[in-house]
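Asks: Here is what each chain is made of, one letter per residue.
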Amino acid sequence: MVRLSYPIEMEIAGNTAMWTRPDTGDCPVSYPAPTYSAVKAIFESILWGPDVEIIPTKVELCEPIQYHSYCTNYGGPLRKPTSIKKGNNYQLYTTVLIDVCYRLYAAVVPNKEKSKLPESAIRWDKNTTSPGHAYQSIFARRLKRGQCYSIPVLGWKEFTPSYFGKFRDTTQVLSDLLPVIIPSMLRQVFSKGYTPLGSYAKKNFSPVSYVYDNDLVIQNGVLEYPQKEGESC
Amino acid sequence: MLNELYRLSNALESNGINVKDWYDDYGALPKVTSKAPCIRIWLAKDGSICELESISAELAQSLRKFGNKQGTFPAFNIPPLYRITNKEHLSELERIEKANTALDVDKIQSWCANDNWHRGTIDKVNRSLHSVPQSFLELIGTQQQPECCLILELIRLAAEFSNDNDCDKSFRSALEKCIFAKLQKQEDVDLAFFILFHKANPKKAPKNDTDTSISIILDLVDWQQYGYPVASKHITEWVNSALLRTYHNTIAKIPPVVGLTDAFGKPLKIFDKPMPSIDLKGAGISDVKLRSMFSEHPCQGRYKYFENNSYPISPENRSLAKKALEWVASSDRKGVTWQKVDTKEIVFVYPSQLPEVPPKFASIFGSNQTEISVQTEARFENIAEEFIKALRGIPTHEKPEFIQIFTIRKMDKARSKVIFSRNCSPEQMIKAAENWAIGCSNIPETELGERETPFPLQVARIVNNVWKQNGDLAQGKSTVERMKCYQGMELLLDIMQKSMICNYLHIVITNSSGLVNYFGNWVHGGAKCKDKTEGKNLEKLKREIVLLLSVLGLLLDKNSDRKEKYMENMAYLVGQLLKISDELHTLYCKVVRNGDVPPQLAGSALFVTAGETPYQAIAQLSCRMNPYITWAKQYRFKNIKDEGKESWKAAWYLKLFENVANKRSLTMTNSTRFNDFDKAQLFIGYLASFPKSEPPASTTDNNNNGNNIGGSDNEQ
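Taken in sequence, the protein lines are chains X and Y.
When we follow the numbering used here, the leftmost residue of the first sequence carries the number 1, and every step to the right adds one.
When we follow the numbering used here, the leftmost residue of the second sequence carries the number 234, and every step to the right adds one.
No wet-lab data here; the hints were simulated from the structure.
For each residue, glycine too, the CB sits at the ideal point set by N, CA and C.
Check the hints yourself; a few may be wrong.
Unchecked claim - Keeping only pairs whose Cα atoms sit at most 27 Å apart, straight-line, the calculated DSSO-like set for lysine-lysine is:
no., chain 1, residue 1, chain 2, residue 2
1, Y, 646, X, 86
2, Y, 775, Y, 761
3, X, 86, Y, 466
4, Y, 440, X, 86
5, X, 80, Y, 440
6, Y, 466, Y, 302
7, Y, 701, Y, 761
Stated by the list, open to error - Covered by chain X, per the in silico footprint, the following chain Y stretches (three or more residues, Cβ under 8 Å):
no., stretch
8, 234–245
9, 530–538
10, 649–657
11, 903–909
Produce the complete structure using the sequences and hints provided.
Replies: Encoded structure:
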């Protein structure tokens with residue numbers, strides 16, 4: 001069966017962004033561009049539906065890459081027991097990006113795993129001739145109106161965008177940016193996908209399954225995500 | 234930092250550079266100095282310690298020890314045996330050490346009352362003598378080779394030392410016995426005292442006074458039958474190869490996880506061992522862990538995964554990363570591939586292809602330490618010129634495609650953070666260095682001496698320094714780092730947004746206003762230093778001002794404000810007016826008040842006001858300067874040639890005053906305010922030299938024409 005794909009795009013900008021590099025461990029550093037899963041989640045925060053799959057295709061960088069030191073003074077319950085006892089906070093040192101602006105691109109395809117869809121989605125799917133097309137139209141309408149399912153964030157919850165919406169005329173892609181090589185970039189953490197039935201019961205949560213892309217290059221300010229087997233755009 | 238190191242390991246591989254591989258837990262010995270020697274302890278067959286000797290720094294450098302922080306073998310650290318705090322004893326001890334006088338061993342024995350070994354130390358020494366050697370033996374295995382027999386014999390002798398510290402057969406007792414035997418014979422007294430006594434601080438509790446530790450290495454006195462002593466390069470290398478053989482065999486036995494690859498695309502093998510740590514000895518930064526994610530802090534974990542489980546990396550890639558970091562940070566590559574930025578920060582620079590004679594990539598960033606550019610040869614201009622020449626001279630086939638730059642900072646004992654990571658082309662680097670020099674020279678001539686270009690890593694210090702109105706630094710023990718050192722590199726590589734440049738300019742203007750005002754007043758007033766100390770301080774301040782002006786010029790240049798243009802701007806001219814006022818005021822004081830120059834001059838007093846409300850400042854200045862201008866109009870015709878009181882100067886100042894006042898750009902209104910770029914120009918204008926012009930040959934001949942200079946139309 002041919003899965004027709006429908007392109008969607010949006011722009012997002014903000015003061016701070018964090019696309020965590022897992023190789024940096026407990027002092028997280030940001031990748032220079034958003035990860036595949038981050039882009040996917042940004043699109044999904046505007047409109048999410050279980051019967052379509054969003055496949056990020058590329059991201060365009062519209063502001064220079066600027067790193068900045070950022071420290072979170074954490075005083076929550078996930079501290080070392082002795083720190084909690086002594087009332088000491090935990091400083092999480094990070095290197096984030098500042099003044100970011102991206103143009104995000106993705107393709108919407110119908111979800112091939114229809115057996116796992118919840119009943120309501122199956123019903124909706126049966127009544128819809130082209131879920132991808134429907135998603136595309138609804139997405140464009142919502143983006144125009146500034147609607148979102150949840151507030152899109154630039155990596156971390158506290159890094160909310162200063163703008164998200166359609167492409168702005170004033171934004172320029174950094175086409176003169178020198179190539180940036182990323183030997184290993186996290187693609188997805190939950191690559192096994194959505195597990196809907198009883199997903200709130202812990203045992204049925206999607207398992208952590210890291211997938212990495214290798215030797216990616218941000219060329220002329222554009223990072224193209226490699227397409228994996230089974231994905232069609 | 235694994236991503237950066239992976240690229241480096243690829244670059245090393247493509248250049249055919251083979252890096253020596255060391256087993257993870259086989260670390261180097263501490264650096265040997267005259268104050269911190271490494272002592273070889275010779276063990277006899279009967280288990281006694283028969284001799285002690287200090288080994289050379291060169292030998293110590295080639296030796297390694299197996300283990301971790303819990304214990305090591307055959308070398309480990311011990312604290313001195315006894316603690317002495319009694320002042321009389323301490324002074325007598327020093328006398329004996331210095332004078333090398335005859336010893337009263339009984340007396341010395343009586344001083345050995347306070348044990349300096351605590352429970353933790355005893356346990357650590359016991360582990361180093363018993364459990365660590367056993368683990369070591371398991372890894373190297375038993376073989377027939379003489380090297381292995383030597384190690385086995387040493388392990389056997391170490392194991393014979395009793396765990397009970399007070400027992401006669403303990404390591405401590407054996408050591409003490411050997412020391413007193415040496416003292417009896419008056420041999421190696423200094424060494425014996427070094428091990429025996431900790432000259433302690435009486436104010437500190439014994440538990441907290443554990444700074445002193447002595448590096449020791451165990452060896453066999455009868456080593457001849459095995460060919461080499463334990464503390465030798467040969468045995469160290471043999472042990473390393475034996476450890477590596479076991480390690481590789483273990484890795485080979487681990488089956489790869491089917492269908493899974495590691496983060497770099499290699500078959501994934503689960504190897505349950507934390508990532509290795511590396512001592513960056515050249516930079517003085519120890520224990521840099523390639524990656525850590527400690528389970529004791531649950532907030533660090535990703536989805537409840539910690540350490541290795543949170544990041545899939547194969548053992549091969551982990552050792553490649555380790556080797557790459559060891560290579561790039563080796564002492565002999567200082568200035569080429571690395572440069573120390575701060576006490577806990579280091580910058581690494583490496584090209585994708587290594588030429589035969591690599592240019593000094595890292596030296597172009599300099600250091601944030603003030604001492605570096607005191608030497609002429611270490612000036613940015615010279616280093617940049619040499620670097621550009623070397624980079625351009627690389628044959629095309631050897632030219633690197635890119636240059637990777639990254640900075641790591643040791644945050645605390647366990648964590649190291651990548652704070653900057655960037656790659657650029659060699660052409661971009663050359664252009665950046667040239668633009669940097671051009672930017673820093675974006676200031677007019679001053680009377681402060683030669684213009685100096687700061688290194689990129691120095692800029693943060695210049696920006697962060699907060700100056701008081703009296704020329705003293707206003708910061709406490711540690712500076713508030715509003716600009717980080719690595720951001721100087723961003724400034725060099727021209728990857729900073731304009732908002733950041735505005736931000737740094739704002740910081741430097743706010744922080745250095747006091748220094749500019751103080752120094753301007755000092756120089757314009759022609760004050761002389763009272764003594765050598767004041768002279769030295771003034772020279773230091775002069776250098777700070779020179780560097781500050783270069784930074785201001787650079788930031789203006791980044792904003793496309795070139796000196797040819799901004800020297801005609803209102804802010805610069807206001808600065809010049811203040812300077813002329815200062816100079817004229819000084820001349821007046823020298824002539825009329827017999828050299829009694831007030832502590833604050835007319836222009837200097839209005840410097841701060843001029844930065845905020847220039848209109849009000851100029852209005853006040855006109856009132857303030859009226860008597861001096863009137864005086865100067867008379868004085869200029871007196872033809873006085875006494876040094877410091879020259880009448881032509883009065884004419885010159887009046888002319889300058891008139892020229893500046895007549896400029897159309899000086900037009901301002903009550904609402905005129907200066908932004909940070911204007912303030913920078915004001916600062917530069919206040920310190921810059923006057924425009925060059927010939928002094929009038931004879932003022933008396935020009936009476937008729939000269940009467941109009943500084944005439945009523947132009948008076949402020």
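Asks: Taking the hints in turn, state whether each one holds.
Replies: Now for the hints, and whether the structure bears them out:
1. 646(Y) - 86(X): holds (19 Å)
2. 775(Y) - 761(Y): Holds. Residue 775(Y) to residue 761(Y) sits at ~14 Å (cutoff 27 Å).
3. 86(X) - 466(Y): violated (48 Å)
4. 440(Y) - 86(X): Holds, because 21 Å separates the two Cα atoms, which is no more than 27 Å.
5. 80(X) - 440(Y): The given pair, whose Cα atoms are some 25 Å apart, holds under the 27 Å limit.
6. 466(Y) - 302(Y): holds (23 Å)
7. 701(Y) - 761(Y): With Cα atoms ~20 Å apart, residue 701(Y) and residue 761(Y) stay inside 27 Å; holds.
8. 234–245: With 6 residues closer than 8 Å to chain X, the stretch 234–245 of chain Y meets the three-residue bar; holds.
9. 530–538: Since 7 is at least three, the answer is holds.
10. 649–657: Since 9 is at least three, the answer is holds.
11. 903–909: violated (count 0)
Of the numbered hints stated above, those contradicted by the structure are hints 3 and 11, listed in ascending order.
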